[in-house]
Amino acid sequence: METHPKLIVNLSHLKENIRSMCERTDALDISVAGVIKGFHAIPEMVAAFDESPCQFIASSRIEQLKSAHDIGCKKPLFLIRIPMLSEIPEVVKSVAYSLQSEKVVLQALEKECEKQGKTHKVLLMADLGDLREGFWNKDELVELAVDIENNFNFVKLAGIGTNLGCYGSIKATPEKMNELIDIAQIIENKIGRTLELISGGATTSTMMVFDKSIPKRINHLRIGEGIILACDYEKLFGTDAAFLHKDVLTLEGEIIEIKDKPSYPVGELSYDAFGNVQTYHDRGIRRRALVAFGRVDVGDVETLMPKTSGVEILGASSDHLILDIEEVKDTLKVGDKLSFGLSYCNMVYATSSKNVKIEVID
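If you read the sequence shown in our numbering, its first letter stands for residue 261, the second for the next number, and so on.
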């Protein structure tokens, strides 16, 4: 029996996207950590990254990196969220690099490295205004970097990094990159050597790769979304990124009802299933369809991208997607399947939902 909703993974297009991205980063001497967290570390996709030109495999979730370690990934594994103290033993066991911003965590990491007889490389994070992780006081960052270099035996200072655009919506710009480089140069002058990595952010920083405005000292990026969901470049950044496939992931759902109904709810308006007061527009009687998935499966349905011309997303409840299909030229019927492109939010939800079947094609 064919099961829906279904997430279709086009593995060959993923591999081509990784190669296309890495061709552009390689030309600028930038190494790439392929980020697997957004698609919940689907094993076939993780393997595609491991066999690709990427230099690292990265995730914010230690359990995903442990899984990558256990299936024999060859590339160095990179933890891109500050680890919880409770995660330190697994970090030392499975991960080669991690982002750090707390001395107490680094001290625990040093003790565990000694216990396991291993070394571990770290990048200290600088907060350049996005206000998520990292040192706001840059003197403290420099002081800790020097401390690691001179007084830690098992934890090794690999470099510094930053994050932009994930919380504070701050744009990644050459000016922000130069702020990071300035901090790196201060550290390098104090420790007497060149840092291995200056990590200039994630997918939001790739726009500077495309137009070649990224400063030369930036030699590392953490990229997942830009490789997998190339459609986001046009939607969020106004850039087509025509060299990338837009269909690495496609969500397919089945129509369970088609009716002509009023476009404005009938009765006294109150709250929807999620406690929100919605706004509706009276467009008269319209042809509508219900598809058998909802917000539980994909999060914000408003960011889905219907692949059938004329389909309009009206909204959703937990388990129902509600569509206007009045303008669809072809005749749709109950049982038909509709396909959708995904945003980052949709990908995160769909790949972690037990109700969404994963189908990998090559």
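Hints in this document: simulated from the structure, not taken from any laboratory.
Treat the hints with care, since some could be wrong.
[Stated by the list, open to error] Taking CB as the label site, the calculated pair distances span:
#1 Asn438 / Glu304: 21 to 29 Å
#2 Ser429 / Glu586: 34 to 42 Å
#3 Tyr540 / Glu362: 30 to 38 Å
[Said to hold, decoys possible] Each computed SDA-like pair below joins lysine to any residue, with the alpha-carbon atoms no more than 20 Å apart:
#4 Lys266 / Glu514
#5 Lys275 / Lys334
#6 Lys521 / Gly544
As the structure is a computational prediction, the values presented were derived from the model and not from experiment.
Here a beta-carbon is modelled for each residue, glycine too, at the ideal position from N, C-alpha and C.
Outcome of the hint check:
no. : hint                        : result
1   : Asn438 / Glu304: 21 to 29 Å : 39 Å, violated
2   : Ser429 / Glu586: 34 to 42 Å : 35 Å, holds
3   : Tyr540 / Glu362: 30 to 38 Å : 48 Å, violated
4   : Lys266 / Glu514             : 9 Å, holds
5   : Lys275 / Lys334             : 17 Å, holds
6   : Lys521 / Gly544             : 8 Å, holds
Checked against the numbered hints above, the structure violates hints 1, 3; every other hint is satisfied.
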